[in-house]
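Novice: Make a model of the complete structure from these sequences and hints.
Counting from 1, one number per residue, gives the positions in the sequence shown under full-length UniProt numbering.
Keep in mind the hints are simulated off the structure, nothing from the lab. Some hints here could point you the wrong way.
[Claimed, not checked] Under the rule of at most 30 Å between Cα atoms (straight-line distance), these lysine-lysine pairs were calculated in the BS3-like manner:
{"id": "1", "residue 1": "K93", "residue 2": "K137"}
{"id": "2", "residue 1": "K59", "residue 2": "K42"}
{"id": "3", "residue 1": "K137", "residue 2": "K53"}
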Amino acid sequence: MEVLARVASNSISDLHKAKTSCRDFLQASNDDYIYQHVSMAKIPLIPWFITEKESSFLKRCRESGNSESLYREGMVEYFSSSNIDSGLESLRKACEKGHEDAKYVYGMILICSGEDEELKRKGLEILRFLRVSKCIKRCRKRVESFVWSMWIRNRVVRNRRPLCHHGSRKMNKFSRGWPLVNEDEEEEDDGGGIGVSYQFRKLDPSALVSLLTSSAKSH
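Specialist: Below, the structure written as structure tokens:
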């Protein structure tokens, strides 16, 4: 089972070849564990036109807890379908399974969660982990690509609006540069809990879309 799961995580094409090569692999390929690990790299982020078989495959991936499937579902529900609660839950699950892009988006959502300081701190912890892993920039670029695939015809992305208000020059510097979020290099945190003490207003999904995409274009 573990061998087949590794094959599935590499490529869906490789999984198909394995299924046709051995009866045992064919039987094992229907296990939830395989769908949980199968790669979705060759599947469009937004599959506008899919067959019944493809739809069934995607549904099985979601139900099996595939982290990429949960991430995609969460993105569409939170930002495009206005199913904010269920979208956030899917992003949380994908984040907890270790999905990097889900961590980035979920962390940003928590940081911009209004007056809840505990959620902000949790969001910052997630983003600090990504920063230490030096994958913030990669995540940001992939998330931007996903956002544009959903919103390419939506006025929300074209009509960007201010994201955060600030009460100090330090906040102004933070909101322009997002040093914690945008920098993957050697600059260390000053230990002052960057972002936690700043007064963000709660952002709705459309404003958060602007934050995710504008931060990517600022570098």
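Novice: The structure should be examined with respect to each hint, and the outcome stated for every one.
Specialist: Hint by hint, here is what the structure shows:
1. K93 to K137: holds, 22 Å
2. K59 to K42: holds, 16 Å
3. K137 to K53: With a Cα-Cα distance of about 35 Å, the restraint between K137 and K53 is violated, given a limit of 30 Å.
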